[in-house]
Amino acid sequence: MTTRALHRVAGLVMLLPLIGWAVTGAFFFLKPGYSGAYELLQVKTYPLEATMALRTDPSWLEVRVEKTILGEHLLARTSKGWIHIDPHTFEPKPAPSADEIRMLVTDAFSANPARYGRVANVEGNNVTTDTGVRVALDWDRLSLAQRGKDASRIDTIYKIHYTRVERTRRATAP
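Using my numbering, read the sequence shown as starting at 1 and increasing by one per residue.
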């Protein structure tokens, strides 16, 4: 191979990152699929039916009372984080069963059934749907976080755009 041919091949190879950067930059400018990928999935709440007298604790920095398909919830933020309390007994509310988690997230999925589909699997506080979306329930905050294949694709495009390369690191024993 002559120097000229080698120079031409090297130039074309060096163009690849620039082309990748331009294509992914156009993708980020147009943002196709972002709305679903980064949609904020919220627990569906209902109006409270009756007024309730709340006993407060001075260690609580913030208090929320919400009603979901599972009933009423008292959420209190302390300096150590959020706690989930039964508003009638003021005892910590136990973690929900798999069936209760299924009911709660199915109710939340009614906001966008095309994206979330149906619950396929419940494992701990994590739910997988038949559309491939993974949903995590934070019971102490009564909040949901979702991540689908589209978000993973967008993250991969982000890595290409910023030429980030995944490296496998060996675990070192202490």
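Misleading hints may appear alongside valid ones.
Each computed DSBU-like pair below joins lysine-lysine, with the alpha-carbon atoms no more than 35 Å apart [stated by the list, open to error]: (1) K159 <-> K67; (2) K80 <-> K149; (3) K44 <-> K31; (4) K93 <-> K149; (5) K67 <-> K93; (6) K67 <-> K44.
By construction, these hints were calculated from the structure, which means they are not laboratory data.
A quick look at each hint next to the structure:
With a CA separation close to 41 Å, the supplied pair K159 and K67 exceeds the 35 Å bound. The hinted pair formed by K80 and K149 meets the criterion: a straight-line CA distance of about 34 Å does not exceed 35 Å. This hinted pair checks out: K44 and K31 have alpha carbons roughly 27 Å apart, not beyond 35 Å. A hinted pair counts as satisfied when its Cα atoms are at most 35 Å apart, and K93 with K149 qualifies at roughly 33 Å.
At roughly 14 Å between alpha-carbon atoms, K67 and K93 fall within 35 Å of each other, so this suggested pair holds. The straight-line distance between the Cα atoms of K67 and K44 is roughly 9 Å, inside the 35 Å bound, and the hint therefore holds.
Going down the numbered hints, you'll see the structure goes against just number 1.
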